[in-house]
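S.K.: Starting from the structure of chain C, add chain W where the hints point.
Taken in order, these protein sequences are the chains called C and W.
So for the first sequence, full-length UniProt numbering puts the first residue at 1; every next one is plus one.
So for the second sequence, full-length UniProt numbering puts the first residue at 1; every next one is plus one.
Just so you know, the hints here were simulated from the structure itself, not pulled from any lab data.
Glycine included, every Cβ here is placed at the ideal spot set by N, Cα and C.
A hint or two may mislead.
As the list claims (entries may be wrong) - Per the computed footprint, the stretches of chain W lying under chain C, defined by three or more beta-carbons under 8 Å from a beta-carbon of chain C, are:
#1 191 to 199
#2 224 to 231
#3 298 to 312
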Amino acid sequence: MSTTPTRRPEGAEPSLTPAESMTHGRASLANRAFARLSTASGVTILALLAAVTVFLVLEAMPAVTTSPAELAERISWFPEAGGILGYVGPLVFGTLLAAVLALLIGTPLAIGIALFISHYAPRRLAQGLGYLVDLLAAIPSVVYGLWGSLVLAPRIVPVQDFLAQYLGWIPLFDGPAAHPARTVFTVGVVLAVMILPIITAVCREVFLQTPRLHEEAALALGATRLEVIRTAVLPFARSGIISAAMLGLGRALGETMAVLMILSPGFAYSFALLQAGQHQTIAANIANQFPEANTYGVSTLIATGLVLFVITLAVNMLARWIVSRRAEFSGAN
Amino acid sequence: MKLNRTSRGARAGVVVGALALTLAACGSDNAVPGAAGGESSAPAAGGSELSGELVGAGASSQESAMEAWRAGFQSANPDVSVSYDPAGSGAGRTQFLEGGTDFAGSDAALDEEELATAEERCFGAGVTELPLYISPIAVIYNLPEVTEQLQMSAATIAGIFSGAITNWNDPAIAAENEGVTLPDLAITPVNRSDESGTTENFTEYLAAAAPEVWTEEPSGDWPFSGTQSAQGTSGVVQTVEGAEGTIGYADASRAGSLGTVAVKVGEEYVPFSPEAAAAVVDASPVAEGRAEHDLALELERDTTEAGAYPIVLVSYTIACLAYEEQEQVDLVKAWLTYLASEGGQQAAAGAAGNAPISETLREQVTAAIGAITLAS
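The shape of chain C in the complex, shown without the other chains (with noise of 0.2 Å):
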């Protein structure tokens, strides 16, 4: 047990030679087989991605190289006009807006929730509080959606009649306001309360990683409160704030039985938040269409689940970019 303190190092190193290994025995062989499997659990997430890929690709192909018309034909809920893309355009469209408008909705919450759990409240309660929204994240999204759907969709109604009747004039509250409220709207406030626990989780350990010494100098200089988080905490926090975000708005886009059974769908470039019937997610019409679909019907849906693949990939990607190009100025080093 004596040499293993200097054999620690040496061990993390994956290139030891045969002789080596020999001679350091069992320890090393440990060693050796914990790095294998560390590699190879790298490995599977490489493999499991490529998988994912390849499925999707190969499964879309049908839809992809079948004629629209006979699409049209064979599908009884695609397009006439319009090909794949006409189908996939307003599911795009419709995910994007429900996932934005939870971001928007979720986003200033989540940070007001961080800030307070890490710089106003006291200590124990900020504990117990911190469990609390981390629970939230334990709530299977079907309960959301039952949620959504019996308890908050008949209570949303007088706020969605007040925003069609004095700011109607907005084009997204644009009335009359659909009644049953199974709206775009009603789902953006289920998926920030579904996306609060990640953004609030990760913001609240990055306002704890701000440098007490920037807080202290901040408040050596004369600053309040409010002036330390908005010139020591925040600017800190910013490319970590974005992340939290992203994440977010990853689970946003691909969440689908809320949307399922809150929704009324629709296939329409429309911006009415308060309307019914004007738009649909993809997971959503995925799960929604899956059950009756033939086998080009899957293709299709597989297609447009393709579609979401790329966009959360995307949205992944420039959260990564965001945060390694700021990474330099946010002060972590």
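M.R.: The following block gives chain W in isolation, referenced to the frame of chain C:
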């Protein structure tokens, strides 16, 4: 709501259980007539001697009925295992035609192309399509203030669902409901958002009974956009329950406490009932150009027959008229005979709320089952 569901489930359980007992007690009574009718060498000792496996797939509308049928049949014939994959009508027909399953459930009868394939799949003997699952579709509405049952003609219903009639106090509705105080409230029609047999049968009814108002082609997809809609029967029911002034269509057994429309047939208004639904099936002739034992129906949606309720979903059980092995022939016959039997239909009704088939139809079905033979 919740209580309701539990009690229905419990009731279904009791019915299935009771049925299983009945079957066990008089298994031979139930299984022999079909076998005898087939003039085959089926074992005469009844269901309990059957063994083997029956595989089916198809319409999801039949799912709960199938559950009850499987339970009933398997407890009477412990050596038989029956499976049913509710993959959807289209998938069920495809799998059956490819020879992957022994029988299929389908909301639509086979089309000509499929019939040709079926001829081949069934060793040249063709298929039998039996309308064993009849389910009334109710037009449900949420108007708590209106205590009387609303009455509507097909034209009024079509007007509401096509968006031509937009308020509950519209003269067209008022004229058919004299003495009923109708609220000044916008009508919110609710339809299915997924492709469904319920939508297809409902639009078929509207197109047949009110052709001048409903000009859309019947289809499993709702023809209008921008409407309130929800996935599945439960989704529609829940949406209608969720707001006043809504109207939708759903499997009648799921209507719950919502109001249901009495539909105008001939000169009278008929509320849905199992008997009324079975009556319209009896009044409908077998589709033209079908083979002798193919009971694909030409549903008379615009029937004027007294006491018939025309908005029904008929789901077929499709089987071959010939199978490769005697054991399979016996199995399929016993299975179908059970499905058509009074006990079988009651079991399904207890679980799925469908309308049991009439005695007239049962006779035709029994004759068709009798024609199933060994492939030559």
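S.K.: All hints, please: hold or fail.
M.R.: Against the structure, the hints come out as follows:
no.	hint	verdict
1	191 to 199	holds (count 4)
2	224 to 231	holds (count 7)
3	298 to 312	violated (count 0)
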